[in-house]
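In order, the protein sequence lines correspond to chains F and B.
Following the numbering used here, the numbering of the first sequence begins with 7 at its first residue and continues without gaps.
Following the numbering used here, the numbering of the second sequence begins with 674 at its first residue and continues without gaps.
Watch out, some of these pointers could steer you wrong.
Stated by the list, open to error - Examples of chain F residues toward chain B, derived with CB under 10 Å:
#: 1; residue: A8
#: 2; residue: V9
#: 3; residue: T31
#: 4; residue: L35
#: 5; residue: I39
#: 6; residue: F43
#: 7; residue: I44
#: 8; residue: R45
#: 9; residue: V47
#: 10; residue: K52
#: 11; residue: I54
#: 12; residue: I55
Unchecked claim - Take a look, some chain B residues computed to stay more than 12 Å from chain F by CB distance:
#: 13; residue: K764
#: 14; residue: G840
#: 15; residue: K844
#: 16; residue: A874
#: 17; residue: G997
#: 18; residue: P1031
#: 19; residue: G1041
#: 20; residue: K1060
If you are wondering where the hints come from, they were derived from the structure by calculation, not from laboratory data.
Idealized CB from N, CA, C, for every residue including glycine.
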Amino acid sequence: MAVKESEKVFEQEGQNFNSMVPGSTAKKLRTCIIWQFIRFVAINIKMIIVVSKSH
Amino acid sequence: MARLVVLGGGVSGHTTATFAAKWLGSGHEVVVVTPNAKWNWIPSNIWVGVGQMTKENVTFDLAPVYAKAGINYKQAKAVSINPEGSESSGKPFVSIEYTEAGKEGVTENIEYDYLVNATGPKLNFGATPGLGEGSQLGEHTVSVCTADHAVHASHELFKCIEKMKKGERQKFLIGTGHGMCTCQGAAFEYIFNIEHELNKAGVRDMADLQWISNEAALGDFGMGSLHMSAMGYVVNSRIFTESLFTERNVKWIIGAHVNRVESKKVHYELLDGSYGEESFDFAMLIPPFAGVGIKAYSKDGSDITDTVFAPNGFMKVDANYAAGDYANWKASDWPSTYQNPKYGNLFAAGIAFAPPHPISKPRVTPNGTPITPTPPRTGMPSGIIGKAVAHSICDLITKGENAPLHHASMAHMGAACVASTGKGFADGTAAAMTVYPVVPDFDKYPGTGRDTDYTFGEIGLAGHWIKHILHHLFIWKAKLKFGWTLIPE
């Protein structure tokens, strides 16, 4: 059975074995222009709220 | 006419001086004393350090900006403060030494009504043998702390890339160069920007990337880590950070005090008291910070430096410096007005104020070596503090010395942080985070110490766009261009 690309980084005896890694969909969404435009708007709104609470 | 003197022209000092000049108008004088001729948007030094920006992209000349603002600009460094004046004059003054070309070494005393210490830090490379001498970077490692350092770092990086293209494997060691460092975020950004550039150059498989830091756990960032809301979970930043290190195949050494640097090798001590060494071909290690070493003298000329400044050289303000052990630490220990407790016309802003204690839990090795990240005071908190101090001083000048002071405690302040993990319009990414408050308040927010409605993080291209837009916005603001006051700190 083929090992998924995102899971090849784990080392059974290594320091990263208990880490969480993103799957292929999560990684593609990170640079998906349409999805990231939506996130751009959402993150900006969140940041503006935090900035306004801090002044 | 009152005179406000601001020491330092970085994020905090520049914010203080420019707002004070705007609010006070021509009826009062604002003087800026800074040894630098240029303003530097330091967060973008990361991109200079990987060759994606030039020094000119992240700096600009201060003189024309201050001329436009009506600010009296002196390219000089502060040497000492006489907050009580001298025996011949009761007027307090600061002694400066010019660094401007043609006037190097010339000294001057500048009297003041109010003084803001916003010098930022001394980059204390000399604290670690081999990392450098005093505030000068040594020969074994590179740095991204200044624009010039970053230019040098990019040249060294390209040499490594050329070697890898010829089949020579290279090891990159990035992190902190001492057990008491802050600014882990800058090193975090740099290691992932290097990884991104190595991928673009097609040599990632020829590189070993190794992180080394004084954090007890990945994702501490000098803030004792943070819990953030993400994907319906409340998750600790350690999980988030370990995930990224694993995904990008970066190994990590944590809880490390680098105690010696030599050619292509560092020596370190870990929290468990063990010792180790790590080889490298390219290393960028953040130095610890200290105050810039300004002295203070009383009216009769006796040294009162320890009254005005903490032992680390940062200026004492309205913080609780007697909080004692970690179990006793409170959010209320943190200063809110940044006024010196003894001299009411002295303030400190940004990195220059002495924090009451770290935010991260302090740790000591069995050998007695402290390994604790010191608290971050850069970026948004520096700007907000600078503006609050400017507001207070303007009120004191225009409304009288009993005017209430403005408050900007890091325990009541959030921060928006965007950490680049690779530059590119379509393939760049950054970790976009907000944290509220910066200093956790476990009385107000039992459990995590922070409000998870306003503490979140995610990684993606949107974060990169935001970081790039912020680069242009903050340089626009610092140049005092149209609408600059509308851009928040």
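Which constraints among the numbered hints does this structure fail? Numbers only, ascending. 1, 2, 3 and 20
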